[in-house]
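A.B. asks: Protein chains in written order, with the numbering used here: chain A, 1 to 1013; chain B, 1014 to 1252.
Bear in mind the hints are in silico, worked out from the structure with no lab data behind them.
Cβ coordinates follow ideal geometry from the N, Cα and C atoms, glycine included.
Do not take every clue at face value.
[Stated by the list, open to error] Some residues of chain A that are not near chain B, with every Cβ distance over 10 Å (derived):
{"id": "1", "residue": "25"}
{"id": "2", "residue": "164"}
{"id": "3", "residue": "401"}
{"id": "4", "residue": "425"}
{"id": "5", "residue": "640"}
{"id": "6", "residue": "641"}
{"id": "7", "residue": "729"}
{"id": "8", "residue": "746"}
{"id": "9", "residue": "789"}
{"id": "10", "residue": "811"}
{"id": "11", "residue": "824"}
{"id": "12", "residue": "832"}
{"id": "13", "residue": "928"}
[Stated by the list, open to error] Looking from chain A toward chain B, a few residues come up when the C-beta cut is under 7 Å (computed):
{"id": "14", "residue": "56"}
{"id": "15", "residue": "129"}
{"id": "16", "residue": "784"}
{"id": "17", "residue": "803"}
[Said to hold, decoys possible] Straight-line C-alpha distance at most 25 Å; calculated PhoX-like pairs for lysine-lysine:
{"id": "18", "chain 1": "A", "residue 1": "122", "chain 2": "B", "residue 2": "1166"}
{"id": "19", "chain 1": "B", "residue 1": "1170", "chain 2": "A", "residue 2": "96"}
{"id": "20", "chain 1": "B", "residue 1": "1052", "chain 2": "B", "residue 2": "1166"}
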Amino acid sequence: MKKIVIMAMMVAANQLSAQTSVNAAMFGTMEARQLGPGTMSGRITAIEGVISDQGKTMYIGTAGGGVWKSTNAGASFKPMFDKYCQSIGAIGINQKNPAIVYAGTGESNMRNSVSYGNGIYKTTDGGDNWKKIGLDSSEHISKIVIDAENPDIIYVSVPGPLWSNSKNRGLYKSINGGDTWEKIFFIDDKTGCADIVMDPSNSSILFASMWQFRRTPFSFDSGGKGSGLYKSTDAGKTWREIKNGLPTKPFGRIALALAPSDPKQMIAIVESTTTGLYISSDAGENWKSQSATVNVTARPFYFSTIAIDPKDPKRVYRPAFNFAYSSDGGYSFTDASYDAAWVHSDMHALWINPSNTNIMYVGTDGGLYVSLDRGINWQFNQGLPVGQFYHVAYDMQEPYNVYGGLQDNGSWMAPSASPGGIGNGNWDRVGGGDGFWTIPDADGKTVYSEYQGGNMYRSEIKTMKSEFIQPQKTSKEETTKLRWNWNTPLLTGAKNPKNLYVGCQYLYKSIDQGRNWKRISPDLTTNDKNKQKQEDSGGLSEDNTSAENHCTIFTIAESSLDENMIWAGTDDGNLQYTLDAGNTWTNVSANVAKAGIAAQSWVSSIQPSQYDKNTVYATFENHMYGDFQTYLGKSTDLGKTWKRITSIEFTGFAHKIKEDFENKNLLFLGTEMGLFATLDGGENWFRMKNNIPEYAMVRDIQIHPVTHDLIIASHGRGIFILDDIRPISSLSKELLEKDVYLFPTPDMTLYNGKFGWGGPEVSGGWGTGNPASNPTINYYLKQRLSSGKVTVEIYDEQNKLVQSIPGTVRKGINKVGWNLRSVPPRVAAGSTKMDGAGFTAPMVLPGKYSVKLIVKDKEYMGSVNCVHDKTNKDLSEADRKLVYEKAMQLQSLYGTLTNTIDSINLYQTGLKVDTVAFSKNKNAKTFYDELQKVKTELMATKKKSIFADEERIREKVSSLYGNFCGMEAKPNSTQLEAIEVLQKDYKAQEDAFKKVVVKNLPKNPQLKLPKGF
Amino acid sequence: MKTMKMLVVAMLLMSGVQVANAQTSEEIINKHIAAIGGKDSWNKLKTLKLEGTIKAQGAEIKLTIYQVDKKAKRENIALMGMTGYSIVTNTEGWNFMPFQGQTKPEPITADELKIEQNDLYLQDEFITYQEMGKKLEFLGKDDFDGTECFKFKMTDKNAQETTYFIDANTYFTLKQTNKIKVNGQEMENSMVFADYKSQPEGFFYPMSISSGFGEMQVTKIEINPTLEDSLFQLPKEGK
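Just chain A, with the same shape it has in the complex (with noise of 0.2 Å):
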């Protein structure tokens, strides 16, 4: 009985596995547009060049947007890291062969909003592929160190966790190139290696400085007694404490560097009650104290960067809250000047050209600069979209903007489309600070911006003129504070637009844009005061930046059916509604967490159904009690009872939940490493591509209801767009079991688009494409065509064939652009000039065509319309059949002439069949010459450079004709006369060839012709 049990089950699991699945390569030609921008970039965490190349090749470890790569300098970067996860906490090159590289992931800036990684990735080929080599558990890493002798000797330092205990951290050594790893010291599992130093006169000579430090959701504690300095001269073999000279004990986060040319000399930022500098010139042994500085004291958690000139010892750099330099080995610093440019503070990687110590490069959480005087003066590298942001939303206008703010990056808003393509110059600043909810007004004009702790504003797009609308304290609120989240909820109603709510621990609306609230809850958190604590975050150094306010509201979510009911979600596990906009409340954590899903997560997103008010999903998220499980919840009874989604796929704990306005089954889920989706509803989910990195961290998700784009916030990689998911909606699974899928192709409007050409940004920097103007021709394939065309026919009302398109082959979505317009027509040959009019058509009239798509030897028909412009005010439809006529009347002239052209080339070729008697033929000789005199009038022959013109009659018609063909206005009152005028000189020159012939052909009878000329 079981063995026919399982057999059956085999068979249905064949029968399942032979159906075919939903996965991202079906999707894989919809590209999405990536933003950017590079205009403020985002967190740099690492950067190291190749010694040997002079640092023309650099790789750049980034917060959130993986690992680029530069061949020249950093005139321009590549993304090498797309398929793993985005978070880089450290780079090494092997010097002596520099295709091999390690990337460290997690980065080691422990920040509230700081990712994690997932171990040492390692390439042997410069980047291209990338293979995991172990440290899987690491979660954060701070540094690479290899042997310049023997680069196979690797130390890496782990800080390890930032949210939980790990047995995990410590210094890491292998001795074979990364295949395998040792734990080579640790001194307990909250305390893990935070920066580890090498002696490059002598390998065996090591520093490692180890650091004790946690968070959780509402606290920082950078410290305690497991920091300390430690050397090893014996390669790790075995550690001595450190500190002779050093202040009292405890320690924090200890920033270590050594002189290259002096290794003696080293030089140490060292966290404690007295944060200070402290040098040493007897490598470690004896350390005196030196400058205390802001810069150099700042936030020494955040800011662990020191270095030594590799050529000047006395040379000492200070990447901090600013860039600081001191000539005098660490006595006095110097502030870099703002003069090229103001350099963005907070810095945590610098690389010096050993090749050329004058040039440096520096990241900062607003991107790269290069230094090419020795860190004095900064220039700003505008190539790297690697930008973080936390929310993006959308207007109504056309073309709409986008808006988002970023982590210490402000709040910006951009067009989606714009002449040209979006380009940096295409992004405006609409407040400052640390960016989150940028939210436009309804009216078009205003936007909403806020920074860190929920400091929020109104502002007027045009001016920038801003007022502070954050609600505040009243005497009916029985509380010492109001309690802002760092990334406060600020947003306008699904429903209705015209509310305007935001959250602390009570939650506010406003129906006048924020010049009056009303209070419409009472607290809805778990008001626990042991989370409440935040003044005396920081450990060893005050810092308490509103990253750790604690029990607020931290989601908000107007139901798009019914503006009474609103959702709001916590930080402290909280889940509740409303039905009648405030007056009473409904907490379903309880609910919540009997689904599996951790009590005290934070609701990281809400979204009440568009499709039934009893449904709704959330995402939850736990990380910051060390917790990376996807939660994704769903209820379908208004909270009552919930069932967790779960999918192998999914990665990194939940940041969005999206549900499709078209299809109620496409859900899109976003979380710290990836996007994904799912078309049956949740029941399968597939990870994303389409030019999203495969990992990306995806913190927010919209659908724009007019134009279908899929508008993604990452947080590390800016914004992407991709273009109108109808494709992805319209998939049903009947479909996909088709082999071929004609989609139906929605109506084309007649015009020639509207952003221009879409080229890259002319001023550099970080540019992408605009959105077809017109919607494509989609088929779907449900595999590869190996052998065999894919052809798509456009064909007129009369059945005549307009155009022959070849379409793509590959597995999934295909598509193809049709530029509206019939076939070129074809050009003489003869010319010393290309003529353009071998690639211009007019444009169809509107009507509706015939789509044929002919895979292999098999059919399918559809069709489109073509729709006039209607708002296009210059050109009615009577003008644009006028334009049509006028330019297939020059198409006509210009095949006349073509004809023409070829027959004189035909009698020139015959002429010259024998050239020795052609030469002794004088009759021939003065045939050939009067031939080429009309030839030249007719085309142009002589002028072969291209910045020289030359216009005789076909050019002169190829450009009217041109004219004509990209017109959308009526003509203007010269250009049909010309047409006029053009006919006449041809027809002169017409004559003067027959006259030519019956002059000069019965001279000639030795001529031979092509039969049927």
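With the hints as your guide, set chain B onto chain A.
C.D. replies: Relative to chain A, chain B alone:
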């Protein structure tokens, strides 16, 4: 019950994975060579003439390629009434592209010549790589255009790298990416192959070759035609 079913599915999937892993790179290459018609049939190929078109916006660009195995290659390109060409031989390389304003043929750089000379072999690279002194590396499975592929990298004597994607199902090459270094700067160009057709000699040749600037559809293929030496020499006025 559901767990059981999942288990069975997982087992089936795993057994599939193991089979794939068990395949050595040598087996994959042998299957690839068999799929494209076998070594012997390829070795019959000594000269080749291809005619093809690239369609763009309804207009056609015509290409004609002449190639003598291991010796010389000429590509003619005709558009908008003009014709240009490129010639690469064992010793020299020339370009004449009047569309870009060139008024006479110009020599290509030594770096470019080295790269172009890699293309003089008519046979499939997996047949000739050892003879050419290329290093081969198997990079496992990867996805190309939604199709599961085996990925290989070849490195030639000049350290130029080419990555191949071989369809795990048909064993045809779907894509080839050349990474070239010019003055230390890396550049990449890719070609995508489709519409494999069996030739009378027994080997399969792609009738569709796409690159960044469009898709060439092969309209005519001539195997072992007689090709005059003059095709690969510059016209006198050019030199």
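A.B. asks: Against this structure, judge whether each hint is valid.
C.D. replies: Tested hints:
| no. | hint | result |
| --- | --- | --- |
| 1 | 25 | violated (3 Å) |
| 2 | 164 | holds (30 Å) |
| 3 | 401 | holds (31 Å) |
| 4 | 425 | holds (26 Å) |
| 5 | 640 | holds (24 Å) |
| 6 | 641 | holds (19 Å) |
| 7 | 729 | holds (19 Å) |
| 8 | 746 | holds (21 Å) |
| 9 | 789 | violated (6 Å) |
| 10 | 811 | violated (4 Å) |
| 11 | 824 | violated (5 Å) |
| 12 | 832 | violated (8 Å) |
| 13 | 928 | holds (20 Å) |
| 14 | 56 | holds (5 Å) |
| 15 | 129 | holds (5 Å) |
| 16 | 784 | holds (5 Å) |
| 17 | 803 | holds (5 Å) |
| 18 | A:122 with B:1166 | holds (17 Å) |
| 19 | B:1170 with A:96 | holds (19 Å) |
| 20 | B:1052 with B:1166 | holds (20 Å) |
Hints 1, 9, 10, 11 and 12, counting from the list given before, are not met by this structure.
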